[in-house]
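Asker: Chain by chain, the residues run as shown.
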Amino acid sequence: MVFDIVEYEAMTSETGNGVVGLVIVSHSAAIASGLAELVAQVAGPDVPIVAAGGGPDGTLGTDGGRVLAAMHAADVGSGAVILVDLGSSVLSVRAALAELPVDVAAGFVLADAPLVEGAVAAGVTASTGASLAEVAGAAEEARGIAKL
Amino acid sequence: MGSPSSELTVVRLPEAVALHARPAGAFVRAAAAFDATIEVRANGRQANAKSILEVLGLGADGGTELAISASGDDAAAAVAGLAELVAGLA
Chain A
1 MVFDIVEYEA
11 MTSETGNGVV
21 GLVIVSHSAA
31 IASGLAELVA
41 QVAGPDVPIV
51 AAGGGPDGTL
61 GTDGGRVLAA
71 MHAADVGSGA
81 VILVDLGSSV
91 LSVRAALAEL
101 PVDVAAGFVL
111 ADAPLVEGAV
121 AAGVTASTGA
131 SLAEVAGAAE
141 EARGIAKL
Chain B
1 MGSPSSELTV
11 VRLPEAVALH
21 ARPAGAFVRA
31 AAAFDATIEV
41 RANGRQANAK
51 SILEVLGLGA
61 DGGTELAISA
71 SGDDAAAAVA
81 GLAELVAGLA
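Here the protein sequences come in this chain order: A and B.
Residue numbers 1 to 148, in my numbering, belong to the letters of the first sequence in order.
Residue numbers 1 to 90, in my numbering, belong to the letters of the second sequence in order.
Please keep in mind that the hints were generated in silico from the structure rather than gathered at the bench.
Any given hint could be a false lead.
[Claimed, not checked] Chain A regions said to be covered by chain B (calculated; three or more residues, Cβ under 8 angstroms): (1) 67-77; (2) 113-122; (3) 142-148.
Using N, Cα and C, we set each Cβ at its ideal position, and we do this for glycine too.
In isolation and in its complexed conformation, chain A is listed as follows (with noise of 0.2 angstroms):
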């Protein structure tokens, strides 16, 4: 299964309950989509969660125009959380943050947290209704959480 950003844009402008979103970027279309998969089994369906994997042309890379789409589809009224995988996904966040006035800008958080721990940590928070703050603090507590 597949997670386009069309389709997030029907789902969230259904479910519209300005619960906290979230975007997850990564180099690999699949690993986006994947787990954007993961985390809407665990959080549940009321959570906007938007996958934007992979380069411009379809190849292994990041895309700012693609993070820029996502992050407005996936904020439905109470921001959006940004999970990041390596290195450039970072850039391609920030060149996507710079293109928006700074209110508009204000709503999300690039947060500083694993990508799969993060983005499940963030997906289940989110949906128990919490802010902002607390959806990004959720993502990043997960960098102190012992796997084994």
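Let chain A serve as the given structure and place chain B on it in line with the hints.
Answerer: For chain B alone, kept in the frame of chain A given last:
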């Protein structure tokens, strides 16, 4: 103000339901609705019931006994509500 209470209950997961993915999310979401501090123990491990990563880390398969303890003003409601949720997972 009444003094905060401590409560403990033990409940067994249905045989066919592991505390993973969707059930774990439902459990944590329910726990987050209470003010009480809530812990869940299984397989010799302990987790904050409001932390999805800690709850997933319990590795609780179907049929596992969960010990749910809570302290705080709504501790009794928390353990009762979570035990009911666990027993009803499908």
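Asker: Of the hints given before, which are not true for this structure?
Answerer: 1
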